[in-house]
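Position 114 (the sequence shown) corresponds to 114 in this note's numbering; numbering is contiguous.
If you're looking for bench data, these hints aren't it; they were derived computationally from the structure. Source: prediction; values computed, not measured. Do not rely on the hints blindly, as some may be mistaken.
Claimed, not checked - For lysine-lysine, the following DSS-like pairs were computed, each having C-alpha atoms within a straight-line distance of at most 30 Å:
1) K33 / K22
2) K51 / K22
3) K51 / K33
As the list claims (entries may be wrong) - With beta-carbon atoms standing in for the labels, derived distance ranges:
4) Q194 / E149: 33 to 41 Å
5) E19 / P57: 26 to 34 Å
6) E149 / G92: 34 to 42 Å
7) E179 / R148: 35 to 43 Å
8) G92 / K33: 21 to 29 Å
9) E109 / V52: 19 to 27 Å
10) G32 / V52: 21 to 29 Å
11) P220 / E54: 18 to 26 Å
12) S82 / S143: 21 to 29 Å
13) V106 / F28: 17 to 25 Å
Beta carbons: idealized from backbone N, C-alpha and C, even for Gly.
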Amino acid sequence: MEIQADLTLCLPITRWTGEYQKFLTDLFAAAGKIDLKIIALNRRGEPIPTKVNEVLPELIIYDHTTPASLPVLFNRAVTITSSRYYGLWTPGILPDSDCLETLISVMDETPELGICGPTIFDSTGNPLPSAGPLPFPISLLFSGRLPREVGHRPPKRISGDAMVIRAELLQEIGLLDEEFTCLYDLELCRRAGQTGWWIRRESLARASCPRPAGQLDLKPIPLGDRLRFLLAGFHGNPPLFRPSPSP
Numbered sequence: 001m002e003i004q005a006d007l008t009l010c011l012p013i014t015r016w017t018g019e020y021q022k023f024l025t026d027l028f029a030a031a032g033k034i035d036l037k038i039i040a041l042n043r044r045g046e047p048i049p050t051k052v053n054e055v056l057p058e059l060i061i062y063d064h065t066t067p068a069s070l071p072v073l074f075n076r077a078v079t080i081t082s083s084r085y086y087g088l089w090t091p092g093i094l095p096d097s098d099c100l101e102t103l104i105s106v107m108d109e110t111p112e113l114g115i116c117g118p119t120i121f122d123s124t125g126n127p128l129p130s131a132g133p134l135p136f137p138i139s140l141l142f143s144g145r146l147p148r149e150v151g152h153r154p155p156k157r158i159s160g161d162a163m164v165i166r167a168e169l170l171q172e173i174g175l176l177d178e179e180f181t182c183l184y185d186l187e188l189c190r191r192a193g194q195t196g197w198w199i200r201r202e203s204l205a206r207a208s209c210p211r212p213a214g215q216l217d218l219k220p221i222p223l224g225d226r227l228r229f230l231l232a233g234f235h236g237n238p239p240l241f242r243p244s245p246s247p
């Protein structure tokens, strides 16, 4: 019988370099007392060094037969592993030594909490915009930008750059929508909120990223994703055209 991990982090391989390998080593070192699995998603068939298993024996490499989007690879990774929590994680975002332990502890203590993310800081110590409200679909369609945080209101979305998801949530509402190429994290948060799950960015769980403040939410949002999110607003229950109440 397969042993269930505490947390399985899924992150893409963009290009296998010495820097990427060092990041994976540091990520394993940040596990602390939790049982951590890391799955490197080889989305474009990048060549992998033959001796990588000697350097990182705990690493699981998932090769897809054809180039695939991150949601497709994440969903496949979830189906082949057993874990209490799953994480979307971006290479380069390094959790502090107690970050992952804190996220798991907070979620264990809060059964209603379905999605949680760390507070991410850039190299100058400024927080990155990794959480915020859900956008109005019409506004998102025309602006192509996600709204910034409003005061101290609980967030309704967490960036998929660093997101931990409860396994029961995925069992209840389903996996990532594979039709999205960019807004899969936003759409997952939408479904989670509609079904009563709480979403939180944990201030006590810290991670660092060398990117300047503001870059996390400036990635281009494809028009197809914006249109699909708009259509989801018409069919959602409740619809996204009015804010849902905070937990």
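### Hints breached by this structure
Numbers 4, 5, 6, 7, 9, 11, 12 - these are the hints that the structure violates, sorted from lowest upward.
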